[in-house]
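Enquirer: Just need the whole structure built from these sequences, with the hints factored in.
If you're matching them up, the sequences are chains A and B in order. Residues 1 to 728 in this note's numbering are what the first sequence lists, from first letter to last. Residues 729 to 1456 in this note's numbering are what the second sequence lists, from first letter to last.
Honestly, the hints are just simulated from the structure, not real lab data. The beta-carbon is built from N, C-alpha and C at its ideal position, and this holds for glycine as well. A hint or two may mislead.
DEER-style ranges, computed between Cβ atoms [unchecked claim]:
id	chain 1	residue 1	chain 2	residue 2	range
1	A	D387	B	E1323	18 to 28 angstroms
2	A	K497	B	D1325	34 to 44 angstroms
3	A	G367	B	R1250	21 to 31 angstroms
4	B	E1322	A	E493	52 to 62 angstroms
5	A	G367	B	S1280	42 to 52 angstroms
Here are the simulated lysine-lysine pairs, DSS-like style, with alpha carbons at most 30 angstroms apart [claimed, not checked]:
id	chain 1	residue 1	chain 2	residue 2
6	A	K528	B	K1180
7	B	K845	A	K512
8	B	K1003	A	K361
9	B	K1003	A	K452
10	B	K1003	B	K1292
11	B	K1180	A	K496
Number of protein chains: 2
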Amino acid sequence: MMPEWVILEEGYAEENAPSLGNRFLVGNGYMGVRGTLEEYEADKLPAVNLAGIYDKAGDGWREPINAPNPCYAYLKVDGEIYRLPDREAKSHKMGVDYRHGIFFRETVWHTQRGNIKLWTERFASMSDVHVLGMRYRVCADFHADVELLTGIDSAVWDLNGPHLERLAMKERDNTLLVYAYTHEEDIPVAVAEKVKADFPTQIRTTVKGEKMLHRINLITKPGEEYSIEKTAVVYTGKDCKNPEAEAQRAVEAKCEEGYDALLAAHVERWEELWKHSEVTILGDESAMRAVNYSLYHLHSIAPRHTDSLSIPARGLSGQTYKGAVFWDTEMFMLDFFLMTDPATARILMKYRIDTLEGALKKAAHYGFEGAFYAWESQEGGFDACSDYNVTDVFTGRPMRTFFKDKQMHISAAVAYGILRYVEWTKDITILDEKGVRTVVECARFYYSLLLKHLNKPYYEIHDVIGPDEYHERINNNGYTNRMAKFTLESAVEVLKKAKQNGTLPKEYDAEKLCEEFEDAARKLYLPKPQQDGEKKGVIEQFDGYFTLEDASLEQVRGRLLHEKEYWGGAYGVASHTQIIKQADVVTWLNLFSEEYDVETLRENWEYYEPRTEHGSSLSAGMYAMLACKIGEPDRAYPFFLKSAMADLQAGGKEWAGLIYIGGTHPAAAGAAYMTAIRGFGGITIENGKLVCRPSLPKSIQGMQFHVFYGGQEYEVNIEGNESSVKAF
Amino acid sequence: MMPEWVILEEGYAEENAPSLGNRFLVGNGYMGVRGTLEEYEADKLPAVNLAGIYDKAGDGWREPINAPNPCYAYLKVDGEIYRLPDREAKSHKMGVDYRHGIFFRETVWHTQRGNIKLWTERFASMSDVHVLGMRYRVCADFHADVELLTGIDSAVWDLNGPHLERLAMKERDNTLLVYAYTHEEDIPVAVAEKVKADFPTQIRTTVKGEKMLHRINLITKPGEEYSIEKTAVVYTGKDCKNPEAEAQRAVEAKCEEGYDALLAAHVERWEELWKHSEVTILGDESAMRAVNYSLYHLHSIAPRHTDSLSIPARGLSGQTYKGAVFWDTEMFMLDFFLMTDPATARILMKYRIDTLEGALKKAAHYGFEGAFYAWESQEGGFDACSDYNVTDVFTGRPMRTFFKDKQMHISAAVAYGILRYVEWTKDITILDEKGVRTVVECARFYYSLLLKHLNKPYYEIHDVIGPDEYHERINNNGYTNRMAKFTLESAVEVLKKAKQNGTLPKEYDAEKLCEEFEDAARKLYLPKPQQDGEKKGVIEQFDGYFTLEDASLEQVRGRLLHEKEYWGGAYGVASHTQIIKQADVVTWLNLFSEEYDVETLRENWEYYEPRTEHGSSLSAGMYAMLACKIGEPDRAYPFFLKSAMADLQAGGKEWAGLIYIGGTHPAAAGAAYMTAIRGFGGITIENGKLVCRPSLPKSIQGMQFHVFYGGQEYEVNIEGNESSVKAF
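Expert: Here it is in C-alpha cells:
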C-alpha cells in the first residue's frame, strides 16, 4: 500500500500563512523555499532562505540571508488583479508532495464573466541545488483576457534586515537578474530567472518598485490549459567568484533543459534518498505519514552540496533563531543521517571540526581553556547568541540571559556527535589531526571548568544552564556533568587511538593529558539516585533542585500575568519551582541508560514528566525514547507523535517573550526518527553488531526500514516481536 | 562655648511626622520611643520599640515588638478635642535635648475663648531602662474647662502585626496596666503607668476601644500653669518571670520617687556618658552638633542593660529591617563603643559569640561548614532575612534576592569585630572557649567555601554578594576575599593564643587547622591593581566587573521606568553596568589601607566614587575615611557631613522597591564618629601605642575628645597640626 505522500490544506485562511509557509516548505540544503503563495509579499513571510550565509544589519541580530524572491507571480484577468487574500477564491487548496519535494497550489476565482483556475507547482532541485523549477498553469471557462505577472521580488521578508544593498536589476533576452551585496561582508548574491510559455505570446519586462516582472498576455479559449515554465537560479559569493555571470549562464542552460527534465532529475534524486530512508509502518498509517514527512524535512535541509556545514535549529524555514546551529544537530538529527546517509552525517561533523577556531576563541574570551562551542553557531563558529535573548513583557527591556555563556553542555554535544559518527560509520578518517584536536579541546574546556572544594574529594561544575533553560546558573547539573565526563573519557580514547594512528597533533603531551582527563572523569561529581524516602531512585537535576517549590504545572501556569511572559530567567514563574522546560535528567538517562537499572529509569521518568512543561520541541522525543527503554512503548507513543507532528500540526510555540520563534522543527523530526527506529524498532549496537529488539506500541504491527552501520546497509523487518536484520 | 544641644522643629507639617519620629527619638537601649506627638495614633507611626524581643504574625516578616503606647495623651478644652493635626495650632514646636535624651513639644491653640498652651516632655530613663518619665503642663489665658486624657494606647503601629494577643487592661488605684502575649512565642508584655497632678483633681478611668485612659479635669486660672507627672514602666517575659507583677510594683515605686528625681538620675547618667564621649570641634559648630547628635543616637540604643545584645540596623526606631542586627554593628558602630565605652563593645561582641549556634545551623543548612552568620540576625542568631526581600514594582511579585544566602562577608565582620575588640581593649577574656570557637568557626566557614580550579594555583570564592548589593552572585569579590583571608589569619592567631592560654576547645586539632588556614590565606585569590592602561592602579570589584557597561549614574538613573523600582537584582538598571550601590573596593582599601600605597588608594577612590550611587547610608563614611587616608580631608568632609546628618536631614532612602525602610541610621552615626576621630583626628594604634596624626579639613581648627585604649582613657587635644594624647 503506497501512501499518498501528500499533505494538503483545503480552503483559505489568511492567518495560517506563516505556519503553512513552514509546513509546505521545499528545500535542498542549499536553500529553503517557504510554502507561501506566489502572490505573497514580505508581510506574508515568503522566503528563499539560504544556508550558511549570514549578515548583520545595524544593531539587529546576525541572521541568514533571504534571497530576492524569484517565485513571485500573480494574475490579472480582464484588467483586474486576482490574488489571495485580496480577492476571495471560489476554491483553494495547496500542499506539498513530500515524497518529491514539490509545492503546489490550485485556486479557482469567480470573475464576472466566468471562472478561472490557477495551478502552480515548484521545487528546489535536489539534483542541482541552485535551481528552482516552477510551473504556472491557467484555464478559464470563458475567453479571458489574462495577464500573468511573474519575476523577482527584491523586497524580501527579514527579521532584522534589510541585508541586501546596492541592489541592481538587469534584463537580457527575457532573463531577469537581481544582484546585490550583503551589508556586513559585502558578499554578492545573484538571482536569475527565465520563463518559457507553451503558447505564442510576447513577453515584456516591467519594473514595479522593488519587483522586476515579466508580463505575459494571452486570451484563453474556454476550457483550454495554458502553461508557463519558469526556471530560477541562486548563486552567491560563497559558491563562486562571479555569481552574476554564473547565474546568467546557469539560468539559460537550465531553462533550455526544460521543466520536465529538471523535475525528472529532481524526482530521481529524491527516490534515491527514500530507497535508504523510507520507513514503512504496518497498521498505523498516520504514524507512518508523520515519520516520513519528518524525514522529508530532514532531507530538504541536509547540506549535501558542501563538505562542511550543519543544519540550523529551524532548518531553512527563515531567519528565526538566527539560522544558527544548536546542539539540536548532534543530539537530535545526527542519528537519522548516521543511519540513512552517513555522507551527510560526515558533513555535519566536519562543520564542527572546521569551526573549532571559533570555539577556542569563545573559551578564551570567558577565561577558559579548550573549545567552548557557540550556543548559536554561524559561519566559522561565531556565536550569534546574544546576552539578551528575551524581552521583558512588563518593561519592554531586554533581559540578560545566559544561554551563550552558561550553557556549557554544548561542547560535549560536539564530542558526542563525533564519537557517535565514528561508532556508527567506523570511518576513523574524521579523526585526522583536526578531528582529534576538536575532541581534545572540548575535554580541555571541561577540565578548565572543574572546581574542587578544598574540603571535598570530588570535582564539580558550577554556574551552568542545563537543557532545562528555566533554571539558570545552577551547580552540578547532572546532564552537564555526565556529558563532561563523557567528553573527558572520549578524549582519552581519541588520544590513545591517535597515537597509534599517527594523527596525534604535535602540541599534545598525550600521556599527561590522558592522566589529567582520566583523573577528572573519575572524580567528577554526578548526582546519585536518592537512597530512600518518597523520591527513592530519583536523581536531583542540580544542587538544590529538590528544595524548590513543588508546584504543579497548572499552578505555575496560573501565575502568569501575561501570555507571552518568559517562564525562566531570574524571576519567571517556573524559576523557583520544580517545573522544568524540557527533559533534562531524562535526556541524561536516555543517553546513558545502560548505567542504571530499569527501575531507576522509570522513577525518574515518573517524577520528571509531570513537572515538565515541554516548552521545547526537543522535550517529547527524549521522554518517548526513555519510555521505550523502560518497556512502555504505549506511553512513548503520544510523545513520539508529538515529535513527528511538530511541523504537521499548528500549536507549536511561536513566541519567547516578545521574540518570534516560529519555523520548522528538524530536531523534533530527528527525535521522531530516533523513537521509531531505536525506540520502537529497538535498533542498537551490541558488541559491534547491529541488533534489533523491537518494542512496538499497540497500534503498530510491524516496521520495515534500512539502516547503515559500519558502511554496510541493512534491511530490517519487524513483525510484532519477530525481527530480522539482513545486509542489503 | 557650650552648644545648645537641642534640635528643634518649629511649625507643623503632618507629612513630616514619620521622619521627626526618628529625629526626636529618645531611648535607653532597652526601648526606643519615637519622637511623635502624644496624641498620635498608629497611622502616625508612634512606637515604644523594644530591643531583642521578636514576633512573627501570620506570613509576615518576623520583627521586633512595639509595646502598648503609654505616652498617649490629648486635651479637651470646653468639651472640644485639641490635637494635631485635626486642630490647627496657633504655634507649635517640638524637639529633643540630645545631651540628656529629653523629647519636648510646646503647642498653643487658639480657642473661641482664648489661647491654651500645652508643654510636654518625656525621657526613656538611662538609669532605669524600664522607666519612661513624662510631664504634661497646660496653661490658658482664660478660665478654661480642661480635660487631659492620658493612658495606654494598645492599638500600636506594626509593619507586620498585630503581634500582641490576649490583651488585658487593668486599673487599680489609678494605676493602668496593659498586659498581652506575643503571638509566636507567647512572651508576656506588660506596660503600666500612673499619673500625679500638682493640683487637686479627681482622676477617673475610661476605656475607649483599645485605649485605657485617665480623665483629669480642671478649670484653669488665667496664666496659671498646671502640671501632671506620669510614670510608665515596661517589662516583658524576657526580663523577669512575672512582668505584670513587676510592672505594678515598679510603677508605684517610681511614681513615688517623682518626676524630678527620676529625671535627675537620668541626666546624671547621660552626663557620665558624655564625659567619655563628647567630641569638641573648634571652628565648625554645625559639624560638632552633627557628630554629637550622632553619638546621642548611638548612646540611646546601646544595650547596656544586658550582657549580650547588639544594635539593629535602624536602631530602636521601629520595625524596619525587622529590628535585625547587620554587619553595621561590627563595621560601623563598634569603633565608637570601643573608644568611648568598651563595656558596651563587649556586650555587642558577646551577642555574636552567643549566637554562634544559629550561625552553625545556617552554614549547615546551605551545605557549608563552620559559622555562616545571619545577614539579619535576631535572637539566637536566627536569620530573619527572607529569600524575597524586594517587591517587583512592575508585577507586584516578590523578587528572589540573595542577601541571606550569598552575602558571605557577614561572618568575617563578626571575626573582625572580635579581633578589633581584643586589639583595642586588650581584654582577652572574650576569647574564652566560646570566643575562640566563634572566630575559628567563621574561618572554617570560609575554608569550606574555597574553590580551586584544577588548572589554577589559587583558591577562589564564587557566587557571593559584596557590600555593593546591586551586583548579585559574583565571583571573587575583592572585599569578600580579603575579609575571608583576614578571618583565616585571625583564626590562626586565636588558635595559637588559645593553646597558650588554655582556652582551646577540646574538639580542635589546632595544628591541622592552622596548617589548613595558613595555606588557604596564602593562596586565596585577591584581585590586584591593574598594571597599566587607563585603569592603572584600579582593582576590579569582582570577576568581570570591568566588562560591564561603563554608564554614568545619570544615564542609569535616566533608565528608571518607576521611581521605586529596584536598581539591583537580575535586571535592575544598575545590574549590568559599573554603577554600584555603595563603597565596596573602597571599603576593603579603607580597612587594609596599609597594604597599598597612597597612589593606589587614590586611583580606586577616583574610579569608584563617580560610579557609586551611595544608595546605602553606609557608603559615604567609607569614602570619607579613605579620603582622609589619601590626605584629602576636604574631599572627605562632604561625605563625613552626609553620614553625620543622616538622621538630622530629611531625604534618606525610605523605600526599597515597595518596602518601607525608614528609621534612624546608627551605622552612619558610627561612620561619622570614625571619620571625625580616626579620619580627621588621625587616631590609630602604632606598635601598641595610641597615636594621633590629625588631618583636619579647612573648616575645623581643632578637636578635643577622649579615647579608651587598652583599658586606659586618654584625652586628645588637637590644634591644627599639633596634637597631644594624655592619659586621663
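Enquirer: Hint by hint, say whether it matches the structure.
Expert: Hint by hint, here is what the structure shows:
| no. | hint | in the structure |
| --- | --- | --- |
| 1 | D387(A) x E1323(B): 18 to 28 angstroms | 35 angstroms, violated |
| 2 | K497(A) x D1325(B): 34 to 44 angstroms | 56 angstroms, violated |
| 3 | G367(A) x R1250(B): 21 to 31 angstroms | 23 angstroms, holds |
| 4 | E1322(B) x E493(A): 52 to 62 angstroms | 55 angstroms, holds |
| 5 | G367(A) x S1280(B): 42 to 52 angstroms | 28 angstroms, violated |
| 6 | K528(A) x K1180(B) | 23 angstroms, holds |
| 7 | K845(B) x K512(A) | 92 angstroms, violated |
| 8 | K1003(B) x K361(A) | 67 angstroms, violated |
| 9 | K1003(B) x K452(A) | 55 angstroms, violated |
| 10 | K1003(B) x K1292(B) | 44 angstroms, violated |
| 11 | K1180(B) x K496(A) | 28 angstroms, holds |
Violated hints for the displayed structure, listed by number in ascending order: 1, 2, 5, 7, 8, 9, 10.
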